[in-house]
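Enquirer: As they're listed, the protein sequences go chains A and B.
For the record, in the first sequence the residue sitting at position 214 is 215 according to this note's numbering, with numbers rising by one throughout.
For the record, in the second sequence the residue sitting at position 56 is 57 according to this note's numbering, with numbers rising by one throughout.
Rather than coming from a laboratory, the hints here were simulated on the basis of the structure.
Treat each hint with caution, since some may be false.
Any copy, or any two copies together, can satisfy a pair, since identical chains are not distinguished.
Computed cross-link-like contacts, DSS-like style, restricted to lysine-lysine with a CA-CA straight-line distance of at most 27 Å [to be verified]: (1) K356 / K326; (2) K195 / K157; (3) K219 / K58; (4) K238 / K326; (5) K58 / K157; (6) K560 / K215; (7) K222 / K58; (8) K474 / K462; (9) K45 / K157; (10) K58 / K301; (11) K45 / K205; (12) K238 / K356; (13) K108 / K364; (14) K208 / K568; (15) K222 / K157; (16) K238 / K338; (17) K568 / K58; (18) K338 / K301; (19) K238 / K45; (20) K195 / K58; (21) K172 / K45; (22) K172 / K157; (23) K364 / K345; (24) K350 / K195; (25) K326 / K283; (26) K45 / K222; (27) K58 / K371.
If you're wondering where the values come from, they're calculated on a predicted model, not measured in any experiment.
Number of protein chains: 2
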Amino acid sequence: MGKRKSAALAAKSEKAEEKVMAKGKQHIKSPKRAPVENAESMAKRQREISVSEFFAKNRHLLGFDNPKKALLTTVKEAIDNSLDACEEAGILPEITVKLDRLSPKLKEPEVDAAAKDSGEEKVEKKGAKKGPIPTERFHLTIIDNGPGIVATQIGKIFGKLLYGSKFHRMKMSRGQQGIGISAAGMYGQMTTGKPMRIISKIPKEAKATFVELKIDTKTNKPEVLTEKETSWPHSSKSGTSVEITLEGRYQRGRQSVDEFILQNTLSNPHATFHFVDPDGQKFDYPRKINELPHLPSEIKPHPYGVELGRFHQMAMETSAKNLKKFMATDFSRVSDKVADEIFKQAGVKDMPMSKATHEQLNKIHEAIPKVSIMSPPTDCVVPIGEDLIVDTLKHQTKADFYTATTRSPSVYRGNPFVVECALAYGGELPGDEQMTVYRFANRVPLQFQPTACATNRVLTKMDWKNYGLNQSKNSLPTGPIAILIHVASVWVPFTSESKEAIADYPEIKQEIRLAVLECARQLSLHVSRARRAAEAERKANYIDTYIPFIGEALQEMLKLSDPQREKVVGTLRNTLEKAKLEGN
Amino acid sequence: MGKRKSAALAAKSEKAEEKVMAKGKQHIKSPKRAPVENAESMAKRQREISVSEFFAKNRHLLGFDNPKKALLTTVKEAIDNSLDACEEAGILPEITVKLDRLSPKLKEPEVDAAAKDSGEEKVEKKGAKKGPIPTERFHLTIIDNGPGIVATQIGKIFGKLLYGSKFHRMKMSRGQQGIGISAAGMYGQMTTGKPMRIISKIPKEAKATFVELKIDTKTNKPEVLTEKETSWPHSSKSGTSVEITLEGRYQRGRQSVDEFILQNTLSNPHATFHFVDPDGQKFDYPRKINELPHLPSEIKPHPYGVELGRFHQMAMETSAKNLKKFMATDFSRVSDKVADEIFKQAGVKDMPMSKATHEQLNKIHEAIPKVSIMSPPTDCVVPIGEDLIVDTLKHQTKADFYTATTRSPSVYRGNPFVVECALAYGGELPGDEQMTVYRFANRVPLQFQPTACATNRVLTKMDWKNYGLNQSKNSLPTGPIAILIHVASVWVPFTSESKEAIADYPEIKQEIRLAVLECARQLSLHVSRARRAAEAERKANYIDTYIPFIGEALQEMLKLSDPQREKVVGTLRNTLEKAKLEGN
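Could you build all of it, start to finish, from the sequences and the hints given here?
Expert: Here it is in structure tokens:
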């Protein structure tokens with residue numbers, strides 16, 4: 002019935018589109034031929050593209066595709082930075098997100114079911130000609146109690162793309178590229194012309210610094226409009242507040258700011274969040290644990306993951322005096338013994354770095370894979386933990402079975418990573434919908450591009466029919482099941498700068514698969530246990546129901562006394578119970 | 002049977018993985034706490050990230066995820082550039098791709114069915130510890146007969162990321178970012194340490210220029226090792242040859258270099274391709290038409306698509322003397338009359354650019370959406386054409402029904418674009434497999450990330466059951482059907498710099514949907530026509546089969562003579578034939 006109805010609706014909406022098509026389908030005019038170019042005329046137009054210009058034009062790469070997502074991305078980048086800063090400084094995070102609407106509230110857009118499902122806005126159906134998409138204007142304020150930023154760095158941190166402390170190290174953190182927050186500011190500036198405003202206080206200064214800045218997209222440099230001392234208007238002894246005015250769209254529900262903050266409270270139970278929505282409603286999420294997660298440590302690159310080009314560069318930049326020292330200090334898991342082994346394989350002797358030729362470095366690099374080297378240390382990746390991810394899933398679902406697993410760390414391209422998986426089944430989970438998948442990377446909820454994610458590749462390729470679920474080819478299974486996957490790494494490879502989906506590295510997919518399989522196996526046990534329990538229950542009911550009658554029948558047939566009958570019934574019951582148990 | 006077998010296999014492979022899991026699943030050691038940071042210690046580590054460093058670390062964003070894809074991406078970037086250059090210079094392209102293997106040939110890797118399906122390499126199942134993935138080393142040479150590059154530009158074009166002529170204009174071309182070929186060279190350099198070698202000749206010089214260069218990734222600048230005059234070793238009067246030595250993996254089949262070149266011959270019937278594969282086998286694909294496609298023209302930005310930030314920047318950079326001239330010359334579709342209308346809405350008078358305040362520019366920008374402005378000119382986007390895309394599909398499939406449509410151009414974010422779709426059905430297309438989708442953007446075949454592509458979002462959301470195909474929720478339909486979609490635009494928005502999938506703009510999805518619907522409607526007509534023909538055939542057979550018997554029965558019952566019987570049978574046949582026709 003439901004299906005027939007939706008087919009009818011589809012047919013109807015296609016009718017409606019026919020008009021558009023009739024209008025849209027016209028004969029294409031034969032275009033004029035553009036002037037022919039030559040090498041000289043082309044050379045005149047060849048020039049440098051600043052990284053800000055690049056991302057301004059390609060802003061969908063950073064998650065600024067549409068007004069709704071732009072608003073969320075801005076909140077996300079600010080929260081990521083605040084959490085990272087607090088944790089690195091050993092501070093339990095307390096973060097306030099405040100959204101003020103500066104323009105009239107738009108009506109909730111009409112969305113069709115399919116678009117709603119994927120969180121997209123409906124496109125107006127009126128052919129090519131139309132004005133810009135209507136948006137709302139917001140003033141976003143995010144305040145944290147982090148360590149603050151030293152005054153001289155504020156300009157570059159917020160006013161320059163590709164600037165930061167996280168890119169050049171191998172350490173697990175939410176931010177990694179030095180693009181996010183400055184890109185959010187740039188988006189605000191592009192859409193409203195307003196500068197970013199930053200107030201930051203470090204503990205050793207009594208006063209805070211206030212900076213108002215824009216990004217010069219031509220040069221990718223901060224243009225500081227105001228910089229002055231100010232008092233820190235919050236109770237924490239240090240912290241940073243960031244204000245961005247931007248065009249956006251505020252809607253609740255899936256892929257919303259609300260949902261993002263809620264999911265953050267689940268993956269960061271040590272953080273307190275406050276959210277004031279555009280209608281002035283205040284939501285408080287106090288922290289659930291008063292202890293910071295283990296701080297991940299920074300590691301050196303593992304020789305197996307270092308390509309020749311980088312190897313040469315490291316050799317050029319090292320402070321080590323000789324080759325052996327270089328190998329032993331600039332790489333992880335290279336002891337003097339391992340270095341000797343590599344040199345032996347390469348036919349190269351230890352020598353001062355300045356003496357080592359290009360050719361000798363090539364030989365050393367070539368010898369590396371021939372030597373067995375221990376896997377990189379893995380205390381640099383910190384999982385959330387099985388208990389906490391099950392809790393997270395319990396917050397999101399009402400199921401009657403939960404299981405979780407944290408894999409031990411593994412390595413891709415020299416980067417350690419760890420995968421965790423939690424699974425919920427049954428209970429109030431809808432049996433006729435596709436599996437719900439919650440994805441996290443370095444504790445950050447991933448809300449977009451689920452089908453582009455490595456998790457999806459794994460989940461759709463698994464055979465879920467083995468676990469009693471329905472599944473069509475290359476699809477997620479249908480049934481009362483939800484899965485949470487967390488990938489933590491010193492460098493999570495994403496499919497784009499907006500960090501929405503995990504890229505397709507075979508090693509990562511393999512670990513995801515094994516984590517999901519472990520949970521699925523528990524599910525399988527649970528399902529058959531439940532089936533057995535139901536079966537036993539059914540049999541027990543038979544016994545309880547029929548035995549008294551059998552007793553009476555036997556009493557009549559064999560002329561038994563009441564006590565005799567009781568005894569026979571008792572024996573019978575025991576025998577049957579025993580048979581039932583053995584039967585399983 | 003097939004299903005049962007695959008389930009058994011799945012169970013078996015899970016067994017095999019159990020060992021890995023047992024090994025992988027260990028207790029995570031409690032990590033040491035990293036030293037706590039403060040604002041000062043963080044500041045010391047904050048620094049600039051060069052765009053080359055960024056893309057070297059994030060090379061999967063550029064399509065260098067794994068050796069096989071890296072090889073393909075390198076070929077692709079070089080071909081894209083050659084085709085663009087030839088067409089801009091009005092030259093019928095002739096391109097030679099030569100792959101020399103420099104290392105021993107590796108055995109074809111063992112791939113499981115699922116991995117084969119998605120073109121991925123199988124991950125070795127032995128837990129965390131393992132050496133680098135084995136690769137092959139290639140020397141790639143790509144030679145074109147394009148206009149050549151002036152000597153002074155060669156360094157920057159090939160030795161600097163984000164440099165080129167295509168980014169700052171609004172014109173349809175294959176390349177657009179100024180990243181591709183230099184990134185390919187950088188990848189070669191990273192994996193083999195070898196420089197790029199370029200020879201280029203322009204028509205007006207007798208000699209060619211030879212340049213050997215590396216990229217300094219720290220600064221994103223070319224490091225020229227050799228630059229000298231040389232003779233052009235080819236017969237064309239101008240052209241460019243590029244040589245890159247790189248690690249890669251050569252495999253035939255899906256997502257291979259071979260397939261990419263073949264698909265290019267289909268979307269570029271005006272180009273001749275030669276390919277010499279690593280085994281020395283030579284493939285020639287002579288051009289099929291001797292005429293260049295219409296050259297797309299460059300356009301100015303449309304006011305509706307220009308955000309405030311860009312508007313201010315354009316105002317700063319314009320050579321126009323006054324506001325009205327600025328509006329009328331720097332934007333498309335702004336006549337003097339439209340400019341007056343905008344000024345009236347904004348409450349601003351025309352004035353010299355130097356006098357215009359920030360506030361006045363804001364008001365003008367705010368007024369733009371209130372004025373009705375014609376859609377941008379669309380001769381800037383050049384479709385392949387319905388006949389040619391059907392031909393392309395005919396080359397790839399043996400179906401018994403083909404249809405195609407080219408939509409009229411539309412606009413997203415101020416950028417004109419056009420969508421074309423071709424559909425093949427029936428014939429030798431397998432009925433039990435998912436729809437095959439061929440994707441092209443600005444004539445470039447897209448071979449990766451199909452599920453991340455806007456085309457996939459559209460195709461999986463459509464109700465294909467209406468067209469007699471099987472389909473499960475959110476999946477492509479199953480049946481004997483293949484679809485080709487081409488999106489052409491002055492700026493195709495991709496989901497990542499590797500330009501593998503089209504980003505999710507509602508306007509683009511809408512046009513794709515309408516194009517597919519047009520083809521699907523033709524399919525629907527074909528299917529019902531075929532059904533009617535089959536039905537008529539069946540009825541005709543009934544008539545032929547049963548009428549003689551009916552005639553005999555009537556003859557016996559009514560004692561008819563043979564001529565009488567013949568007459569009755571004739572009348573009956575006519576009546577039935579007529580009924581059959583009317584019945585339809």
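Enquirer: Determine for every hint whether it applies to the structure shown.
Expert: Status of the hints after comparison with the structure:
{"no.": "1", "hint": "K356 / K326", "in the structure": "within (14 Å within a copy, 64 Å between copies)"}
{"no.": "2", "hint": "K195 / K157", "in the structure": "within (18 Å within a copy, 35 Å between copies)"}
{"no.": "3", "hint": "K219 / K58", "in the structure": "both (12 Å within a copy, 24 Å between copies)"}
{"no.": "4", "hint": "K238 / K326", "in the structure": "neither (43 Å within a copy, 55 Å between copies)"}
{"no.": "5", "hint": "K58 / K157", "in the structure": "both (21 Å within a copy, 21 Å between copies)"}
{"no.": "6", "hint": "K560 / K215", "in the structure": "neither (102 Å within a copy, 105 Å between copies)"}
{"no.": "7", "hint": "K222 / K58", "in the structure": "both (17 Å within a copy, 23 Å between copies)"}
{"no.": "8", "hint": "K474 / K462", "in the structure": "both (8 Å within a copy, 16 Å between copies)"}
{"no.": "9", "hint": "K45 / K157", "in the structure": "between (32 Å within a copy, 13 Å between copies)"}
{"no.": "10", "hint": "K58 / K301", "in the structure": "between (35 Å within a copy, 15 Å between copies)"}
{"no.": "11", "hint": "K45 / K205", "in the structure": "between (53 Å within a copy, 17 Å between copies)"}
{"no.": "12", "hint": "K238 / K356", "in the structure": "neither (52 Å within a copy, 47 Å between copies)"}
{"no.": "13", "hint": "K108 / K364", "in the structure": "between (66 Å within a copy, 24 Å between copies)"}
{"no.": "14", "hint": "K208 / K568", "in the structure": "neither (90 Å within a copy, 113 Å between copies)"}
{"no.": "15", "hint": "K222 / K157", "in the structure": "both (7 Å within a copy, 22 Å between copies)"}
{"no.": "16", "hint": "K238 / K338", "in the structure": "neither (49 Å within a copy, 59 Å between copies)"}
{"no.": "17", "hint": "K568 / K58", "in the structure": "neither (88 Å within a copy, 80 Å between copies)"}
{"no.": "18", "hint": "K338 / K301", "in the structure": "within (18 Å within a copy, 65 Å between copies)"}
{"no.": "19", "hint": "K238 / K45", "in the structure": "between (55 Å within a copy, 22 Å between copies)"}
{"no.": "20", "hint": "K195 / K58", "in the structure": "within (19 Å within a copy, 33 Å between copies)"}
{"no.": "21", "hint": "K172 / K45", "in the structure": "between (44 Å within a copy, 16 Å between copies)"}
{"no.": "22", "hint": "K172 / K157", "in the structure": "within (22 Å within a copy, 34 Å between copies)"}
{"no.": "23", "hint": "K364 / K345", "in the structure": "within (10 Å within a copy, 73 Å between copies)"}
{"no.": "24", "hint": "K350 / K195", "in the structure": "between (60 Å within a copy, 24 Å between copies)"}
{"no.": "25", "hint": "K326 / K283", "in the structure": "neither (57 Å within a copy, 50 Å between copies)"}
{"no.": "26", "hint": "K45 / K222", "in the structure": "both (25 Å within a copy, 19 Å between copies)"}
{"no.": "27", "hint": "K58 / K371", "in the structure": "between (46 Å within a copy, 24 Å between copies)"}
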